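Colleague: Below are the chains, spelled out letter by letter.
There are 4 protein chains.
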Amino acid sequence: MHYQKIIEEIHTELKKSSPEGKVADYIPELSKVDGNKFGVSLITCGGEIFKIGESDEKFSIQSISKVFALSMAFSVLGEKIWERVGVEPSGSSFNSIVQLEYEKGKPRNPFINAGALVVCDMLFSKRSDPKSEFLGFVRKLSGSGKINYNLKVAESEREHGYKNAALINMMKSYNNIVNPVERVLELYYLFCSIEMTCTELARSFLPFADLKNEFNFSGFVLTKSQIKRINALMLCCGLYDESGEFAFEAGLPGKSGVGGGITAIHPNQFSVAVWSPLINEKGNSVKGMKFLEKLTTMTEKSIF
Amino acid sequence: MHYQKIIEEIHTELKKSSPEGKVADYIPELSKVDGNKFGVSLITCGGEIFKIGESDEKFSIQSISKVFALSMAFSVLGEKIWERVGVEPSGSSFNSIVQLEYEKGKPRNPFINAGALVVCDMLFSKRSDPKSEFLGFVRKLSGSGKINYNLKVAESEREHGYKNAALINMMKSYNNIVNPVERVLELYYLFCSIEMTCTELARSFLPFADLKNEFNFSGFVLTKSQIKRINALMLCCGLYDESGEFAFEAGLPGKSGVGGGITAIHPNQFSVAVWSPLINEKGNSVKGMKFLEKLTTMTEKSIF
Amino acid sequence: MHYQKIIEEIHTELKKSSPEGKVADYIPELSKVDGNKFGVSLITCGGEIFKIGESDEKFSIQSISKVFALSMAFSVLGEKIWERVGVEPSGSSFNSIVQLEYEKGKPRNPFINAGALVVCDMLFSKRSDPKSEFLGFVRKLSGSGKINYNLKVAESEREHGYKNAALINMMKSYNNIVNPVERVLELYYLFCSIEMTCTELARSFLPFADLKNEFNFSGFVLTKSQIKRINALMLCCGLYDESGEFAFEAGLPGKSGVGGGITAIHPNQFSVAVWSPLINEKGNSVKGMKFLEKLTTMTEKSIF
Amino acid sequence: MHYQKIIEEIHTELKKSSPEGKVADYIPELSKVDGNKFGVSLITCGGEIFKIGESDEKFSIQSISKVFALSMAFSVLGEKIWERVGVEPSGSSFNSIVQLEYEKGKPRNPFINAGALVVCDMLFSKRSDPKSEFLGFVRKLSGSGKINYNLKVAESEREHGYKNAALINMMKSYNNIVNPVERVLELYYLFCSIEMTCTELARSFLPFADLKNEFNFSGFVLTKSQIKRINALMLCCGLYDESGEFAFEAGLPGKSGVGGGITAIHPNQFSVAVWSPLINEKGNSVKGMKFLEKLTTMTEKSIF
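Protein chains in written order, with my numbering: chain C, 6 to 309; chain S, 6 to 309; chain R, 6 to 309; chain D, 6 to 309.
Source of the hints: derived by calculation from the structure; they are not laboratory data.
Wrong hints could be hidden among the right ones.
The list treats identical chains as one, so a pair stands whether inside a single copy or across any two.
[Unchecked claim] Cross-link-like lysine-lysine pairs, in silico, DSSO-like; alpha carbons within 27 Å at most: (1) Lys-109 <-> Lys-168; (2) Lys-157 <-> Lys-145; (3) Lys-85 <-> Lys-287; (4) Lys-27 <-> Lys-109; (5) Lys-111 <-> Lys-295.
Keep in mind the model is a prediction, meaning the values are calculated, not measured.
Given these sequences and hints, build the entire structure.
Modeller: In structure tokens form, the structure reads like this:
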């Protein structure tokens, strides 16, 4: 079946279903979003684009930005990053901070907050201007110059981010944060505040699906092997405490954000971004997860 | 490059490398195994077999049997099994038992001991003679009638299995074990005691790689979707606390046992079993893991 | 004010207060008890006895027996017992089993279940007939030959005791249980099943308050220093997760049981036993705790 | 035996014993202290003073100040403080932060760092100038106007205090910290930085031993019952993870600091302060603990 027909069919079906979950409400900026938004963009490795709904409306990508930050750090520092952050799934979030204590301040993987904070710390150490470089990298990846930080969101997150402050101070006490915690947090929240559309997101993740072309964006280069390993990390750790569930149901490497976005890829086939702001208590878009499960069912394309 | 050439090359290289890890020594029966054994069998979906080393020598498959038990239970009970066991990676083992307390006796997934015990409890409830049915199922899967339990190993494990006794009693206190703990433990240890060769193992896992043929062995049927989901579970949870590491390095669904075996599959390509009894402290065969990493590098066939 | 007047006044006041808590219901034998029972016996070091309510009715002393078992083991093995069990409060119960893992199978103190199981294991190793010796010891302490085990209660507890089975197997896996787990559990439940009256209990604890006389009962001898240390343990660890609360409010060394009994002592002054079967979710008698708080307020006799 | 003779005898014996432990070295200011210092002051409720060694040399009292802060807050807010901080021992420190998560940001007691931070937050809310009021209170208690903060120590602690920053942010995320974390931390470190002599400390704690006189210092009043309860807290929670050990061995309410000081009281008898900067890994003065154990043995005065 044709991709357009498939995404339309799923979109229509889910659009009708009764809404579950709720919009992220821990900061005012995110809570204002209309919960009925529902956009999808799918781009094949061949370059075809398929869209439905609010696919070209900007939203806060939040944790999806962790994939971009990891890619930059992996490109800059190579294998050395694994000395300070692991590659194992984190189990459930309830013990995230005891895990940090038990493992002496080394976070389990770069997609939990603690791990992404360490990644930001690395970039802070190694780049003279990580803020603009990050933006430049994402703009190149997505092919769109109109991507920006939302400073108000970043500031609001920082003000409410006591749990992240607890995590970074805990890691600092184990010397796994090198730079001043305030500066690293600032960078972290800036990265999370980026706003993109589904289409821009799908395009940004296409290089992770398309292994035939070289990965080289504004000077950040990844080898084929490095891309595959980022994909493996997304599959095992990309959806917080539901990573296993998502691998089990959708079978695709993906990354979610509390803004309601999920981006996933099928190696050598396509990249897809969904946005529906109603999230469950694990922080994942309810309709986003369902959409991707149905997509792999109907296309018969999980990676397994 | 041809598979035979590849597995020979890797085998030769690793054979020369200095031995790391040690033979499982918590029961006498396992500790007697010669640490230098090193066998490999790879079978393609097309039916070609490639072997090297002690590929046709029996060894104790231990936890690899958890895949067979799960397959039987999934076939018999369907989606209902997920009410009693989860599909999320377990994080690190250090908190396995506190996780059980925190999540009211529901284990994170069917490949950690707690989860496999629940699976055994389900089979005990639903089948009149799970012992012989399990054996029949594995014999059919592998196409070999010469597969048997090692009662001495099973008994020895039971005698030393205080941690498993702790786990099952904890779950029983939360009513997630229905049958008498002693009977379920007996079944569990019997399943773990099965002895197979690399070739038999590779053949048994071929149906998980080969999605073109129907999965129906001695009456146990799995749909394509169910097989894919077992593969997803293997990828995220198959190698204990190193599942992420293995997904990251090898990128294949697999399952390991403390006997030194690891079986992995590449969907629609091949099934492969490696045996090298020297295991690391996480319980995984050191050379087995390295072999499979090199295999995906040289064949350029990870699933990502 | 005279003790009799004080205990009558408090008894009357609490008798009128609306009932809180509920009778222990995890085994049928305990759940049958009448929740309105409310007895008190106070015996001074001078030998005077004061009573009110159902002070001479038998009830299941449950965990109060841990003090007797510890006394026997302390007498027999001396300081060596602290190699296998600690003297620190256990924090909250939620992490009791992770604590065992973290501290390699050594329980925090002899008044949590894990610690009492280790004490039983020691007695099992050192005494030829711990069952009858324990009974003999308690009979001597209380001066009553009519104290007995309730085998039905012991058996019923054993049948439902999955959490204790989890704890003892966990400790066995760390080699901190020497004898067969089933035998140690049997002894443990027998000790818990003992039935005594308030008066018998108060008399049994008098030797812990009365430091002027030698402690020597059926051959079990404790020095003054050992008695003081058992009292210190009771103060810090005697009321499960409410030990701090009880020290804070009542300021007396004491020990509670889920049967609704609490025994406490004031060094050189008195021993007191209260029984009211309605317990809170921490396992302590609601009226029992209140009674003892009021007692120290009205007598102005906390140890601080 | 006369107190002077006793403290001299113990002092001489311990002075000769080989040094154990090491000076706190996490900040430069504390690490410079001479490990051989060893002072003792004991003041009876009758007003007699007994001294030996460096009893009139200033040192950093550190966590001993938590008793003063609690006393002020208890006086100002009364029973309301227990809504935000508990009275239970904390178990071992390894799970201090997971305990905070599990119990939704309410620390177990006011003598662990998390609890003392909440106490500071309360004082910050309720007093216009907590810094000078605290100093005034301690000066009154000790009868010495020459007590001061060491700003350099406070600042140095703040700079290295990542674990405390983690704790306070965690509690803030649960709304159990009302004021800005930086301000509360500043106050906390200031309180810890106070410098006193053994004699000043012993005198400051005398009102906790001497229940005959009214507790009223620079306007902060405590009832007899409140004092007793602070004593109970000290007994159960005053020496970090060794509180049980100390209650077991010495049997006195006390409070220690990483500067090597320990102050303890015997109700209606005496107050005693010991200073020996060599601390064990739990943060308690090795000789200080031994001194107090021997003191209760030789005086036969534990509270039990």
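Colleague: With reference to the structure, classify each hint as holding or not holding.
Modeller: Structure-based check of each hint:
For the identical chains of this complex, Lys-109 and Lys-168 are neighbours both inside a copy (18 Å) and across copies (12 Å), given an alpha-carbon limit of 27 Å. Taking identical chains as interchangeable, the C-alpha atoms of Lys-157 and Lys-145 lie at most 27 Å apart only when both belong to the same chain, with a minimum of 24 Å there against 50 Å between chains. With identical chains, the CA atoms of Lys-85 and Lys-287 are at most 27 Å apart between copies only, with a shortest distance of 22 Å across copies and 31 Å within one. Taking the shortest Cα distances, Lys-27 and Lys-109 sit within 27 Å of each other only across copies (23 Å), while inside one copy they are farther apart (35 Å).
Taking the shortest Cα distances, Lys-111 and Lys-295 sit within 27 Å of each other only across copies (24 Å), while inside one copy they are farther apart (33 Å).
Violated hints are absent here; each numbered hint is respected by the structure.
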